[in-house]
Amino acid sequence: LTIEGRRTDFPILKQTVHAKPLVYLDNAATSQKPQAVIDAMARFYTEECANIHRGVHALSERATQAYDAARVTVQRFVNAREPGEIVFVRGTTEAINLVAHSFARARLQPDDEIIVSAMEHHANIVPWQLVCQERAAVLRVVPITDDGELVMKKYERLLGARTRLVAITHVSNALGTVNPVRQLVAMAHAHNVPVLVDGAQATPHLRVDVQALDCDFYAFSGHKVYGPTGIGVLYGKAALLDAMPPYQSGGNMIRSVTFERTTFNDIPERFEAGTPHIAGAIGLAVALDYVDTIGLDAIAAYEQELLAYATHTLAALPRVRLIGTARQKVGILSFVVDGMHPHDVATVLDREGIAVRAGHHCAQPLMHRLGLQATTRASLAFYNTRDEIDALAAGIARAREMLA
Amino acid sequence: VSTTLDHLYRDLIVDHSKRPRNFRRLGGRATLAEEYNPLCGDTVTVYVELADGVLREVTFQGVGCAVATASASLMTEAVQGRSSTLVDELCDSFHALVTGGVEPAAIEALGELAVFAGVRAFPSRARCALLPWRALRAALRRSD
Numbered sequence: 118l119t120i121e122g123r124r125t126d127f128p129i130l131k132q133t134v135h136a137k138p139l140v141y142l143d144n145a146a147t148s149q150k151p152q153a154v155i156d157a158m159a160r161f162y163t164e165e166c167a168n169i170h171r172g173v174h175a176l177s178e179r180a181t182q183a184y185d186a187a188r189v190t191v192q193r194f195v196n197a198r199e200p201g202e203i204v205f206v207r208g209t210t211e212a213i214n215l216v217a218h219s220f221a222r223a224r225l226q227p228d229d230e231i232i233v234s235a236m237e238h239h240a241n242i243v244p245w246q247l248v249c250q251e252r253a254a255v256l257r258v259v260p261i262t263d264d265g266e267l268v269m270k271k272y273e274r275l276l277g278a279r280t281r282l283v284a285i286t287h288v289s290n291a292l293g294t295v296n297p298v299r300q301l302v303a304m305a306h307a308h309n310v311p312v313l314v315d316g317a318q319a320t321p322h323l324r325v326d327v328q329a330l331d332c333d334f335y336a337f338s339g340h341k342v343y344g345p346t347g348i349g350v351l352y353g354k355a356a357l358l359d360a361m362p363p364y365q366s367g368g369n370m371i372r373s374v375t376f377e378r379t380t381f382n383d384i385p386e387r388f389e390a391g392t393p394h395i396a397g398a399i400g401l402a403v404a405l406d407y408v409d410t411i412g413l414d415a416i417a418a419y420e421q422e423l424l425a426y427a428t429h430t431l432a433a434l435p436r437v438r439l440i441g442t443a444r445q446k447v448g449i450l451s452f453v454v455d456g457m458h459p460h461d462v463a464t465v466l467d468r469e470g471i472a473v474r475a476g477h478h479c480a481q482p483l484m485h486r487l488g489l490q491a492t493t494r495a496s497l498a499f500y501n502t503r504d505e506i507d508a509l510a511a512g513i514a515r516a517r518e519m520l521a
Numbered sequence: 008v009s010t011t012l013d014h015l016y017r018d019l020i021v022d023h024s025k026r027p028r029n030f031r032r033l034g035g036r037a038t039l040a041e042e043y044n045p046l047c048g049d050t051v052t053v054y055v056e057l058a059d060g061v062l063r064e065v066t067f068q069g070v071g072c073a074v075a076t077a078s079a080s081l082m083t084e085a086v087q088g089r090s091s092t093l094v095d096e097l098c099d100s101f102h103a104l105v106t107g108g109v110e111p112a113a114i115e116a117l118g119e120l121a122v123f124a125g126v127r128a129f130p131s132r133a134r135c136a137l138l139p140w141r142a143l144r145a146a147l148r149r150s151d
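Respectively, the protein sequence lines represent chains A and B.
Here this note's numbering = 1-based position in the first sequence + 117.
Here this note's numbering = 1-based position in the second sequence + 7.
Be careful, since some hints might not be right.
As a list, the in silico EDC-like pairs of lysine to aspartate or glutamate whose alpha-carbon atoms are at most 20 Å apart [to be verified]:
| # | chain 1 | residue 1 | chain 2 | residue 2 |
| --- | --- | --- | --- | --- |
| 1 | A | K270 | A | E230 |
| 2 | A | K354 | A | D331 |
| 3 | A | K271 | A | D229 |
| 4 | B | K25 | A | D383 |
| 5 | A | K137 | A | D455 |
| 6 | B | K25 | A | E518 |
| 7 | A | K354 | A | D383 |
| 8 | A | K137 | A | E469 |
| 9 | A | K137 | B | D13 |
Keep in mind the hints are simulated off the structure, nothing from the lab.
Starting from the given sequences, assemble the full structure and let the hints guide the process.
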């Protein structure tokens, strides 16, 4: 099956919106789900729904097996050393909060520093800001160039004896920039500084190998990589996770409880309090298998070609300016149209059946850095086509003629 | 051509968004209030000079989408010279208009502002139209 033939795996893409064929270009917000994922979740609820662990009955054993197998699928997908390094969480945001709470907080002394970058999503700023405030620590920011690339020399200078953690995105959600994570990690490790990578926008587009990257934590969301919402992953090196206290407490994460004392479970269960999103984990595993079947190399090759076409097409439109022109990018096209507010552009596009996002993309410090309040963002997936890029261009022209 | 889109971006709205009226600061005894739309980062500041219960002068500053800018512009024209009691009622009517709570008959009191009825078909944009009105209310509360 060619990659073009895969579009029919996504039932939602067959519909019309405002009497126009749906052109879904909001994949950085959430991607659509292939039938296989939808079926797997329905099958779980139809045939094997039960709570996991401690159940001796057949359904519970099947559910437990499926949940454990999902963890192994994730482990292989990111090439972690062992399944224990894979913690199921709600999403990237919860993964980052977990590390801020259970890892960073205990290590931070007054005047210690955490390094983030100017292109972070709020989810990779605010948890660190809060924990820094609490511990009188300092948040330092790696600046970016006008093209949307990290200024590596500044990063090098920020790393120092007070640095306790680097938290940086693999791929910018607003610009599409792919950061040189392996290099960033190596530089931090030279100062014995651990690194958390926000992988929310990378996992759908790039092959991620946490051992090759050598990052200490890697966070991503299931719903951006063709899986369900409400499930995500925190990868952490076993030695680090082992030494971390629980994030939330409750059922399943404990070994024994008396009113005097509780002993906690091993990793990863220690970080999975309460009944987890079992169906979500199963759906995510099917999504990752689906991605593997197509192959991330094939996906990346197709998307790069489509990105080049889209960049060329949008750049040729009068009064349209692309925001984010890094050398290494995934298929995210932020742009502004002179004299038009992004919300107005998005509203006109919506009526043409084209789904894009307008706003600050939860990256207000980045918008300030670029001297913008908002952009319109079209974000691609492998099921998008050149025809859809042409429809986007026509929609922008239509918005211009209506409003500019 | 999509009718609903034309209903949203009526000529009057496009005109006011491109050439906003009363787009300036007010100094002196004027009170001001700023409102912010966290979804898009749009900010509007409304200046009100109130004397003897009447809005003598109303102006605004800030950048926004076509809907928010036109709403602010038309609002300043509509409330100028009116009593704060009347303007309070107008705020309620406008809110009801863009969120779909007013029947066509009641719209007449809104005059030119009725052009914003098209926003109803775009629930996510009602917030844009209401932004300057929230600022006006806040400025009036401060004037009391």
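### Query
Can the restraint linking A:K270 and A:E230 be considered satisfied, given a maximum Cα separation of 20 Å?
This hinted pair holds, its Cα atoms lying about 18 Å apart.
### Query
Are the Cα atoms of A:K137 and B:D13 separated by 20 Å or less?
holds, 17 Å
### Query
Is the hinted pair A:K354 and A:D383 satisfied, with a Cα-Cα distance of at most 20 Å?
The hint holds at about 14 Å.
### Message
Would the hint linking A:K137 and A:D455 be met if the CA-CA limit is 20 Å?
### Response
The given pair, whose Cα atoms are some 26 Å apart, is violated under the 20 Å limit.
### Message
For a C-alpha distance cap of 20 Å, please report whether B:K25 and A:E518 respect it.
### Response
holds, 14 Å
### Task
Verify the proposed pairing of A:K354 with A:D331, using a straight-line Cα cut of 20 Å.
Judged against 20 Å, a Cα distance of about 9 Å means the pair holds.
### Task
Assess, step by step, whether the Cα of B:K25 is no farther than 20 Å from the Cα of A:D383, and give holds or violated.
violated, 62 Å
### Query
Within 20 Å, alpha carbon to alpha carbon, are A:K271 and A:D229?
holds, 18 Å
### Holds or violated: A:K137 to A:E469, with C-alpha atoms at most 20 Å apart
OK: A:K137 and A:E469 at ~6 Å, within 20 Å.
Checked against the numbered hints given earlier, the structure breaks hints 4 and 5 and satisfies all the rest.
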